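Protein chains in written order, with our numbering: chain R, 1 to 302; chain W, 1 to 347.
Treat the hints as calculated values from the structure; they're not laboratory data. Every value quoted in this text rests on a predicted model; they were computed, and no experiment measured them. For glycine and all other residues, C-beta sits at the position ideal for the given N, C-alpha and C. Among these hints, one or two may not hold up.
Claimed, not checked - Coverage of chain W stretches by chain R, computed from C-beta distances (three or more under 8 Å per stretch; other residues unrestricted):
#1 55-65
#2 94-101
#3 276-287
Stated by the list, open to error - If you want a taste of the chain R side facing chain W, the calculated C-beta under 8 Å gives, among others:
#4 Asp150
#5 Glu291
#6 Asp295
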Amino acid sequence: MSAEFPVVFESETFDNRRRPPHEFAPIAQMIRRDIIKSLVLAGSGHSGGPLGSADIFAVLYFGGYMRYNPQQWWSPRDRFVLSAGHMCPVLYATLANTGAFPKEELRTLRKFNSRLQGHPGRDMGLPGIETSTGSLGQGISIAVGMAMADKLLDNNGYRVFTLTGDGELQEGSVWEAAMAAANFKLDNFCWIIDNNDCQIDGRVHDVMSIYPLEDKCRAFGFDVITVNGHDYTELCAAFDHFIANSEKGLGKPTAIIARTLMGKGVSFMEDRYEWHGKPPTWEQARIALRELGEDIPDPVAV
Amino acid sequence: MSTSFPLRGSKPTRQGFGEGLVVLGERYDNVVVLGGDITGSVMTSLFKEQFPDRFFSIGVAEQNATTIAAGLALSGKIPFFASYGAFCALRNADQLRISVCYNEVNVKIGGGHAGISVGPDGATHQVLEEIAYLRTLPHMTLLVPCDYLETKKATIAMGEMVGPAYIRFGRAAVPFFTTDDMPFEIGKAQVFRDGNDVALIACGAMVWESLIAAEHLAKRGIEARVINVSTIKPFDVKTIVEAARQCGAIVTAEEHQVHAGLGGAVAEVVGKNFPVPIEFVGVKDSFGGSGEPEELMEKFGLTWKEIYASALVAMERRDRGFIGIRTVKDVPHYEPALLEADGQVNR
Numbered sequence: 001m002s003a004e005f006p007v008v009f010e011s012e013t014f015d016n017r018r019r020p021p022h023e024f025a026p027i028a029q030m031i032r033r034d035i036i037k038s039l040v041l042a043g044s045g046h047s048g049g050p051l052g053s054a055d056i057f058a059v060l061y062f063g064g065y066m067r068y069n070p071q072q073w074w075s076p077r078d079r080f081v082l083s084a085g086h087m088c089p090v091l092y093a094t095l096a097n098t099g100a101f102p103k104e105e106l107r108t109l110r111k112f113n114s115r116l117q118g119h120p121g122r123d124m125g126l127p128g129i130e131t132s133t134g135s136l137g138q139g140i141s142i143a144v145g146m147a148m149a150d151k152l153l154d155n156n157g158y159r160v161f162t163l164t165g166d167g168e169l170q171e172g173s174v175w176e177a178a179m180a181a182a183n184f185k186l187d188n189f190c191w192i193i194d195n196n197d198c199q200i201d202g203r204v205h206d207v208m209s210i211y212p213l214e215d216k217c218r219a220f221g222f223d224v225i226t227v228n229g230h231d232y233t234e235l236c237a238a239f240d241h242f243i244a245n246s247e248k249g250l251g252k253p254t255a256i257i258a259r260t261l262m263g264k265g266v267s268f269m270e271d272r273y274e275w276h277g278k279p280p281t282w283e284q285a286r287i288a289l290r291e292l293g294e295d296i297p298d299p300v301a302v
Numbered sequence: 001m002s003t004s005f006p007l008r009g010s011k012p013t014r015q016g017f018g019e020g021l022v023v024l025g026e027r028y029d030n031v032v033v034l035g036g037d038i039t040g041s042v043m044t045s046l047f048k049e050q051f052p053d054r055f056f057s058i059g060v061a062e063q064n065a066t067t068i069a070a071g072l073a074l075s076g077k078i079p080f081f082a083s084y085g086a087f088c089a090l091r092n093a094d095q096l097r098i099s100v101c102y103n104e105v106n107v108k109i110g111g112g113h114a115g116i117s118v119g120p121d122g123a124t125h126q127v128l129e130e131i132a133y134l135r136t137l138p139h140m141t142l143l144v145p146c147d148y149l150e151t152k153k154a155t156i157a158m159g160e161m162v163g164p165a166y167i168r169f170g171r172a173a174v175p176f177f178t179t180d181d182m183p184f185e186i187g188k189a190q191v192f193r194d195g196n197d198v199a200l201i202a203c204g205a206m207v208w209e210s211l212i213a214a215e216h217l218a219k220r221g222i223e224a225r226v227i228n229v230s231t232i233k234p235f236d237v238k239t240i241v242e243a244a245r246q247c248g249a250i251v252t253a254e255e256h257q258v259h260a261g262l263g264g265a266v267a268e269v270v271g272k273n274f275p276v277p278i279e280f281v282g283v284k285d286s287f288g289g290s291g292e293p294e295e296l297m298e299k300f301g302l303t304w305k306e307i308y309a310s311a312l313v314a315m316e317r318r319d320r321g322f323i324g325i326r327t328v329k330d331v332p333h334y335e336p337a338l339l340e341a342d343g344q345v346n347r
């Protein structure tokens, strides 16, 4: 018996404005549902990191922190670089929820000729994909280059956000980028670390420890804020702090260490590194969507 | 030995790169240069002195410099990053593949200290493999100019084209013989000497050696065509296939491994379009070593003599078939005395 069910993408999108913290929960849950739907349709891809970082994306893109125009994405804007390219299902779901492209396109994740490549490909021209990423450790350097272009040359006042995983920090070039961000005093640069302590092979601290993380970032010259990555009040405060740093010209980049749970929002995925790199089955997707607030009927017995 | 080109002196190609950058800096406000701590050696220091506000020192961090360049390019800049080819073509190979070429951004890389003519620094710093890698990268443009002036022209041209590009140049002073009025066009190989008996296809400093070899061959009544392949990618298929058709025998010469570099590129297009015998002059599957440039070029068989001997072999294989002809000693009219007199040794 096939457990497949018709997947419906809700057409609702969200605007980008300052919000009270409680308004982010429905947005994050929508993003999570879209992640589950696109992954179950794709039949491959990464579930854990995207679900775990959905709250961060909800606040960043819908809390007035990133400045962009979803109708004309390439007009003057702040930049976001997903250095952990494998986490793209959350970025695609987020961008679709801004209205940058039709949500129906989430059906094409990882499919032939899709703009939603398995790892972000700039060549596909999807609005909001600033650069190709997927080889870990590179996106953060690209983001540093973008921040340098504005801070040191153009002075248009745009800000650059990048999100790395925590396993990604094992790539040495990440620290070259961190060194450069501080060296050039890039206070328009915000490095978000999705710290769920999970990677494919196990716990990050078992595979190769990156800790103490806060001390490392501080020693590399960052203004460091550690937050619960699922607490909207703390996330808003962290981004407010970064924006204040950039507006007053602190002369330092900001690092936000967001403690998260891999697979957050889906009980059987939460904090389980086994969910780093696989999609849900149809049956698991049904359960996940129910937990995320969408009632999917039981399969019809044949 | 004189060639069809009067020798104008001796200058390192890196100087052409450094001067070309200054020209670009004057022409375009958005040209920026990233330093990798060896700015004097690769002569980005000239740009740094002229345009200090557009020069950024990234330190000894080639992976980061390459990806920062991608970020700058995505923000409308034309970033050049230069280091030794060992580090800015291979140390950062993945960054070039993903952040530069897959991203298809306007990043320009200057790879200095190419080949064994680096000299005393030894094998670690003598890159002999990067042509092979770079020419497999989609969207990449790969330039290997032959002397100081062509390097300057090529540097300016790569700054004025859109897309990822890499230019290869060396440390040592090498013959300087091209002239201001010679056009430089990316993607166009140039015939530097006419002839229909054998084609000597070369890049970089081996172009001059090929011109010398051609004059020695002329003394034996052999008219060699000398082709300067200053763009390895995109490859000038037409000029190379025409040479195969009209000469019927080819020698390639490069300061690089004989595998998968210029010789490999020539073999691919000739094999597909008009198969003829090809002899390959280059480093034969070994690393370099310390020594003076001339000593090393002699040791590794990167002089006109090797090209000369290889031309005889290629022609013999063309005229008698491939079987049994492996070195110049298999050539029936091989005349040791004459060859010795010409300086032919070491084959």
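Here's how the hints hold up against the structure:
1. Counting residues of the stretch 55-65 of chain W whose beta carbon lies closer than 8 Å to any beta carbon of chain R gives 6, which meets the minimum of three for the stated coverage.
2. Counting residues of the stretch 94-101 of chain W whose CB lies closer than 8 Å to any CB of chain R gives 5, so the stated coverage by that chain holds, three being the minimum.
3. Counting residues of the stretch 276-287 of chain W whose CB falls under 8 Å from any CB of chain R gives 0; the rule of at least 3 is not met.
4. Using the Cβ-Cβ criterion of 8 Å, the hint placing R/Asp150 at the interface with chain W is satisfied: the shortest such distance is roughly 7 Å.
5. The interface hint given for R/Glu291 is broken, as the beta carbon of that residue sits about 36 Å from the closest beta carbon of chain W, more than 8 Å.
6. For R/Asp295, the interface hint is violated, the least distance from its beta-carbon to any beta-carbon of chain W being 41 Å, above 8 Å.
Hints 3, 5, 6 from the list above are not met by this structure, while the remaining hints are.
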